[in-house]
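Asker: Model the placement of chain B on the given structure of chain A, informed by the hints.
Given next are the chains, with one letter for each unit.
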Amino acid sequence: MDDLSRFKQTYFDESAELLAVAEAGLLRLAPGEIDMDEVNAIFRAVHSIKGGGGAFGFNDLVAFAHEFETVMDGVRNAEIPVTTQLVDTLIRANDVLARLLAHAADETDAPDGTTDETVAALRRFLGKAEAPAEEPPPAPAGTLYPDDEDDEAGIFGDALAAIQAARDDQPSPPISGPVPEGKVRWTIVFRPKAELLLSGNEPTYMLRALRRLGDAEVVCHLDKLPSLRDLDAELLHLSWTVTLLADPQIDRAQIDDVFEFVADDCDIRISAEAPPPAVIQAAEPLPAANLPEPAAPASAPAATAPATTSGSPGAAKAGDGAKRSNGSGTSGDHSGPTTHTIRVDLDKIDRLVNMVGEMVITQAMIAEHLRDLPPGQFQELLEGLESLAQHTRELRESVMSIRAQPVSSVFSRMPRLVRECAAATGKEVMLVTSGETTEVDKTVVENLVDPLTHMIRNSIDHGLEGPEERERIGKPRAGTVHLSAAHRSGRIVIEVTDDGRGINRAKVLSKAIEKGLVQPGATMSDEEIDHLIFLPGFSTADQVSNLSGRGVGMDVVRRNISSLGGRIGVYSTPGEGSRFVLSLPLTLAVLDGMVISVGEERFVLPLTNIVESLRPKPADLHGLVNKCDVMMARGEYVRLVHLHRLFGIPKAIDDATQGLVVLVETEDGSRLGLVVDEVLGQQQVVIKSLEANFRRLDGVAAATILGDGRVALILDVAGLREMSRHGAGNGNGAGGATPPSPSLPAPADRSDQRQRQTV
Amino acid sequence: MSLIKWTEEDGGRIRLGLPSDLDLPMAQPLLDSLRAAFKASADVAVQADAVERISAACIQALVVAARDATDRGAAFVLAAPSEVLSEACEDLGLAAWLKQWSRA
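Same order as they appear, the protein sequences are chains A and B.
Throughout, my numbering is defined as the position within the first sequence, counted from one, plus 23.
Throughout, my numbering is defined as the position within the second sequence, counted from one, plus 1.
Only chain A is shown next, with the shape it has when bound in the complex (with noise of 0.2 Å):
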């Protein structure tokens, strides 16, 4: 695995960047005018450089950066008073800070001597004796790592912790004696943030599952305990050092998989040692035995080699400590310091892609205008404007492409919940997934994890059977779970599947009557009950389990899909298994919506709200005395929503048989049949936040301008739905009164109102 160069050289990347921020800041700092926010994000640089140097193993840099740091420290605590003298020194650190980082990243030691002068004079300044400058505290691991903010400035982000899971670090003090031939020992340091137990994991099942890889010791530490009174129940006060004695194939990522999801809530510090020669490099703490170590036997008989089986982050260690003997080597596209990327604020994507927007729209306006141009002239003008019109489309299509990534960095924490979950149910799963590389807006990518974790959880607790049950039943003893994504039709599709029982459709029946989610005696078609498990209130909490019931609901993950532009469908055939499918825009910037008109106005549906239109025969309308109106579509009632009516638009038609309706569903299935003039057909959007420009409307999601440059509105269904019945609602507390004469008084005056100030 290369990922170990790869994130060094990020690593040197942006401590690149964070040591100009911090120089910048440095020269900004002057006596007497303190900026606080100054002082912080110098702190924070410094702070950053030394944690990611830590898990790298840069013990002098680390060792050099705490010195700066504690000084910035002093300053942000005004227990250093801000002087010329002081600034000159901080700017030389900062300067010694660049030269430890570049000798890092040549892999060379800096001179001896180097930091000397600097750590004394900034000595100086915390009141210190002059204590020999050469050996300050690089110490202990922990101390490298003090707190929870190795990373202040949060730049490093998951690439830290995953260094940090795939990295040796310094073993802290081991039990000592020789390794046994054959085996390699194990030092896990694992200290839990307190708040461990609140996010549902069990370091139980942790140390239980290191357990299982080798003759562990578990030393629980006891020093941090509170007293009785003080003890904060659910809190997490215990940490544990686990002396691991495992085989050679046991590598470094079947123990990293154990704390995969924990790694966020816990620091945690992995060595490794070999037997006899590594044994006596290990003994001394010193840097440069550090990053070979284990990997050090593979250069010994090649079946000894401990950590570096199936290519484990020790596999690529020991690959690079060959290529550094014999010079810089062939192979590792992310070994050489030439990287082809840059870092670029997304708020500069941001702008881009608006601007391209703007322009999608520009470029629409002109082909409108142009379409009224008598036909056979100006020939060159149109076969011009064509070609701009594809411009602007793959304009549009790697702009857009800039704010993608691939869903792999969602589907890599999916293996380690697989595990975690199938041990807490002692199921036996498999876990596929396909088309990691599937790239979608990085908004989208963040968003998918809570769904996708609670989906798989509740295939895994629900779906699958367990071992014996399936054996049983002829299936194989392991389910399998099938996390798949792909581009389909400019959206993406993610599925998760499992090969489990599929719903239980009785069971879900009952459930939704005995919680008056379904009238007791409704026919439905097994697909809508099926659906019932997305509705709001239906918990699955009597099933089970520390797995699902304790998170979110499958409403919640519905309704964050939806906030996405997305929808999920569950397909389940009884004793096969469930699929459920995501689609998902490929990004938030653009959407496709269908233009309808009401009156003069235009407005934008998303497509992925709509069902169908027509137009209803008369027979098919009913109006409810005192209640709304009411359409007979498909063998059920749908309300008619007049959306002149409610947004108060003159000169609309009225009567639904004369116009159109438009049949919308909402996230939570329920549907909606707006009533509006005409559709004019689809065209794709460029969305415009209505709450950044003006502010937030009730049934509007956003705005969008149009090619003949008319601003619409980007209507959005549940709220339209919200409306109505609010609007319904006027006439009595029984909720639903306002008849459906053009009247309606309070709803229609207030959204004049609200016209006038947006159209």
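Just so you know, the hints here were simulated from the structure itself, not pulled from any lab data.
Honestly, I wouldn't trust all of these hints.
Just the calculated beta-carbon pair ranges, DEER-fashion [said to hold, decoys possible]:
{"no.": "1", "chain 1": "B", "residue 1": "10", "chain 2": "A", "residue 2": "456", "range": "27 to 35 Å"}
{"no.": "2", "chain 1": "B", "residue 1": "4", "chain 2": "A", "residue 2": "100", "range": "41 to 49 Å"}
{"no.": "3", "chain 1": "A", "residue 1": "223", "chain 2": "B", "residue 2": "51", "range": "49 to 57 Å"}
{"no.": "4", "chain 1": "B", "residue 1": "13", "chain 2": "A", "residue 2": "223", "range": "22 to 30 Å"}
{"no.": "5", "chain 1": "B", "residue 1": "53", "chain 2": "A", "residue 2": "204", "range": "38 to 46 Å"}
{"no.": "6", "chain 1": "B", "residue 1": "10", "chain 2": "A", "residue 2": "100", "range": "51 to 59 Å"}
{"no.": "7", "chain 1": "B", "residue 1": "12", "chain 2": "A", "residue 2": "539", "range": "37 to 45 Å"}
A partial selection of chain A residues facing chain B, derived with a Cβ cut-off under 7 Å [stated by the list, open to error]:
{"no.": "8", "residue": "220"}
{"no.": "9", "residue": "230"}
{"no.": "10", "residue": "238"}
{"no.": "11", "residue": "241"}
{"no.": "12", "residue": "243"}
{"no.": "13", "residue": "261"}
{"no.": "14", "residue": "263"}
{"no.": "15", "residue": "375"}
Straight line, CA to CA, 27 Å or less: simulated BS3-like cross-link-like pairs of lysine-lysine [to be verified]:
{"no.": "16", "chain 1": "B", "residue 1": "40", "chain 2": "A", "residue 2": "247"}
{"no.": "17", "chain 1": "A", "residue 1": "711", "chain 2": "A", "residue 2": "465"}
{"no.": "18", "chain 1": "A", "residue 1": "371", "chain 2": "A", "residue 2": "711"}
{"no.": "19", "chain 1": "B", "residue 1": "100", "chain 2": "A", "residue 2": "247"}
{"no.": "20", "chain 1": "A", "residue 1": "247", "chain 2": "A", "residue 2": "216"}
Virtual Cβ for every residue (Gly too), placed ideally from N, Cα, C.
Answerer: Showing chain B alone in chain A's frame:
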């Protein structure tokens, strides 16, 4: 505040009967019960044979209680730990602790 079942025995000893399910939400009632028991008596026994499921939070509460008992010279014993409890302690590196307090 809900407390778990307890009985007062002859000689002033208080015996807390641990329920079968000591998951995270049970940590608070357990902790409250331990506090109340030590307030009421200097001799507390925790009957642990029924435990079928236990979270680290509950074990932690028992560890703190045991240490607290030592500090204040009170008697504390974890009577008849169930297999599940023993296994969990083993996993958490507290086997020796359990041994010490289950025979105390």
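Asker: Indicate, hint by hint, whether the structure satisfies it.
Answerer: So, going through the hints one by one against the coordinates:
no., hint, verdict
1, B:10 to A:456: 27 to 35 Å, "58 Å, violated"
2, B:4 to A:100: 41 to 49 Å, "45 Å, holds"
3, A:223 to B:51: 49 to 57 Å, "24 Å, violated"
4, B:13 to A:223: 22 to 30 Å, "40 Å, violated"
5, B:53 to A:204: 38 to 46 Å, "42 Å, holds"
6, B:10 to A:100: 51 to 59 Å, "55 Å, holds"
7, B:12 to A:539: 37 to 45 Å, "54 Å, violated"
8, 220, "5 Å, holds"
9, 230, "5 Å, holds"
10, 238, "13 Å, violated"
11, 241, "3 Å, holds"
12, 243, "4 Å, holds"
13, 261, "6 Å, holds"
14, 263, "6 Å, holds"
15, 375, "47 Å, violated"
16, B:40 to A:247, "24 Å, holds"
17, A:711 to A:465, "18 Å, holds"
18, A:371 to A:711, "17 Å, holds"
19, B:100 to A:247, "22 Å, holds"
20, A:247 to A:216, "12 Å, holds"
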